[in-house]
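These protein sequence lines map, in sequence, to chains S and W.
Okay, so the first sequence: first residue is 0 according to numbering that gives the first Met the number 0, each after it adds one.
Okay, so the second sequence: first residue is 0 according to numbering that gives the first Met the number 0, each after it adds one.
Simulated from the structure, these hints should not be mistaken for laboratory data.
Some hints could be false.
[Unchecked claim] Partial list, derived from the structure: chain W residues whose beta carbon lies under 10 Å from chain S:
(1) T6
(2) V79
(3) A257
[As the list claims (entries may be wrong)] Footprint (simulated), chain S over chain W, 3 or more residues, beta carbon under 8 Å:
(4) 69-78
(5) 82-92
(6) 107-119
Glycine included, C-beta positions come from ideal geometry on N, C-alpha and C.
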Amino acid sequence: MSNPSELHLDALAEIFSIGAGRAALSLSEIVGDEVHISVPSVQVINSEDINATTLSLNSGRFGAVSQYFSGPFNAEAVLLFTEEQALKIVSDMMGSQMSIEELAEFEHEAMCELGNIILNACLSAMADILHFTLESSLPDYRVASADEILHRLKENSNQPYIMVLHIDLAIEKRHTTGNLVFLLSSTSLTNLVIHIDQFLGSIS
Amino acid sequence: MSTVSATPFDMEDIFNSLNLGVCVVDADSKVLLWNNWIAKHSDIKKTDALNRQFETVFSEPVSPAFLTALKSTLTHRLPVVLSTALHRTPLPLYNASEANQQPTRMYQSITITPIQSQLNESCCLIQVTDSSTSIKREKILRSHSEILKKEATTDSLTNICNRRFFDAHYEIAIADAKRQKHSLSIFMVDIDFFKSYNDYYGHIAGDNAIKQVASALKSQLSRATDIVARYGGEEFVLVMPHLPQKVAEQFAEKLRSAVFNMAMPHINSSPFHRITISVGLCTGIPENDDNLLNKADAALYQAKQKGRNRYICLPLCETGEYLEQ
Numbered sequence: 000m001s002n003p004s005e006l007h008l009d010a011l012a013e014i015f016s017i018g019a020g021r022a023a024l025s026l027s028e029i030v031g032d033e034v035h036i037s038v039p040s041v042q043v044i045n046s047e048d049i050n051a052t053t054l055s056l057n058s059g060r061f062g063a064v065s066q067y068f069s070g071p072f073n074a075e076a077v078l079l080f081t082e083e084q085a086l087k088i089v090s091d092m093m094g095s096q097m098s099i100e101e102l103a104e105f106e107h108e109a110m111c112e113l114g115n116i117i118l119n120a121c122l123s124a125m126a127d128i129l130h131f132t133l134e135s136s137l138p139d140y141r142v143a144s145a146d147e148i149l150h151r152l153k154e155n156s157n158q159p160y161i162m163v164l165h166i167d168l169a170i171e172k173r174h175t176t177g178n179l180v181f182l183l184s185s186t187s188l189t190n191l192v193i194h195i196d197q198f199l200g201s202i203s
Numbered sequence: 000m001s002t003v004s005a006t007p008f009d010m011e012d013i014f015n016s017l018n019l020g021v022c023v024v025d026a027d028s029k030v031l032l033w034n035n036w037i038a039k040h041s042d043i044k045k046t047d048a049l050n051r052q053f054e055t056v057f058s059e060p061v062s063p064a065f066l067t068a069l070k071s072t073l074t075h076r077l078p079v080v081l082s083t084a085l086h087r088t089p090l091p092l093y094n095a096s097e098a099n100q101q102p103t104r105m106y107q108s109i110t111i112t113p114i115q116s117q118l119n120e121s122c123c124l125i126q127v128t129d130s131s132t133s134i135k136r137e138k139i140l141r142s143h144s145e146i147l148k149k150e151a152t153t154d155s156l157t158n159i160c161n162r163r164f165f166d167a168h169y170e171i172a173i174a175d176a177k178r179q180k181h182s183l184s185i186f187m188v189d190i191d192f193f194k195s196y197n198d199y200y201g202h203i204a205g206d207n208a209i210k211q212v213a214s215a216l217k218s219q220l221s222r223a224t225d226i227v228a229r230y231g232g233e234e235f236v237l238v239m240p241h242l243p244q245k246v247a248e249q250f251a252e253k254l255r256s257a258v259f260n261m262a263m264p265h266i267n268s269s270p271f272h273r274i275t276i277s278v279g280l281c282t283g284i285p286e287n288d289d290n291l292l293n294k295a296d297a298a299l300y301q302a303k304q305k306g307r308n309r310y311i312c313l314p315l316c317e318t319g320e321y322l323e324q
């Protein structure tokens, strides 16, 4: 397995920034206000080395939107926000024109959509730029504690690599941070690196 | 059991029997499948929808977010969800309503998934579910839970707050007063000679007296921050923030006179032969282990000792001294 170099990570950060821009555009169409999303850093970590600090998982509960995708490489993508932040974002997005924003079921559904927009934007940017096609499952939303999340990330021995994208999201003056985590097998990581090499080769 | 190699049903029948909207569009967003559910709720027949561009099928506009999502699924081949919370009613679909009323626009949850046709063309499956029923269901559950919550904190005899509510409220009120360094006043109220009232007039009359006193005390409150609760049998407690001591004392006197002026006969209560109350008041800015409730209780005890139908105010910081009406 060839571990991704700094150059690969820079290329990924660039790709995901384009994805983040697309996601911001879609979100601002929905909320009718400016939305900014940036991806300040990308890391690839061995899942054994992952801990609460790498994912800035402090105490509390987290909202996790996940999608399984497949193509030249397979992965599970999970978008993590603290539950409190997630609910604030969603209630901001929903505005207050209707009383359903208080209803839990709809918050969850809205959170699923928010995650779906960000995940799809990142996946499609990656597919467009690296020239491949990805298929994806529908998003799934769960609320879990930091321990439960770490346990799940670590127990998955088929996918020993974890790509972590730190995400900054600003909607209507509310600023929040989250993490987008990709769980990758070593074959998948190798394939991803090969595709980045091809892309870098084509532009150099 | 042998495995079924082909479905013994006509897929068309299944789509048409589904209790959700199913529609398939091709890469040019031309409608290829339009099930009965969507025909019914859009009032557009299948024959009028097939082979037309999705957005031109409806006489009303389709929401821009829906069109963006559809385009994105057709381009990127990734599934998209449109939640009710963020979109309400993206498609002009309606629910039939009572006679003589306008049909209501349906709240929808939409899923758009990329699929491949048998000719290997890229298509999109659009599924629409009606969220109106879940919204209704959740609202009903919420209102039930609010009723239960209210019942759990209300005293069933007097309809004022119960002891459970008081205990929780008192703790929060003390913490707030300590943090913000503002004063808090606790009034302990007890009906005088209540046992002999019960003995003489009976328990039903006793219950009624408790109700009357509770309502008299409650009617004295006008601020949202103030509460009156039934503390136990014939004992009540009031919690009021932000009162200067003088105002708190005037208020204690107001409570006493409100009950006195009801003039409810109580033959065994000398010298007025009517229902009266004693009030113990403690007011101040709580610090550390200060216990306003104990002080107010001690003040009530003194009011009883001093002859009832009166209030006693014990300041929080000093001990032994009391201010009498």
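Results of checking the hints against the structure:
Residue-level restraint check for T6 of chain W is violated (minimum Cβ-Cβ distance to chain S is 23 Å; threshold 10 Å). Residue-level restraint check for V79 of chain W holds (minimum Cβ-Cβ distance to chain S is 6 Å; threshold 10 Å). With a least beta-carbon distance of about 39 Å to chain S, the hint placing A257 of chain W at the interface is violated under the 10 Å criterion. Judged by the Cβ-Cβ criterion of 8 Å, the segment 69-78 of chain W is covered by chain S as claimed, because 6 of its residues qualify and three suffice.
Proximity of the segment 82-92 of chain W to chain S, defined as three or more residues with a beta carbon under 8 Å from a beta carbon of that chain, is established by the 6 residues found. Closer than 8 Å: that is the beta-carbon criterion, and the segment 107-119 of chain W has 4 residues meeting it against chain S, so the requirement of 3 holds.
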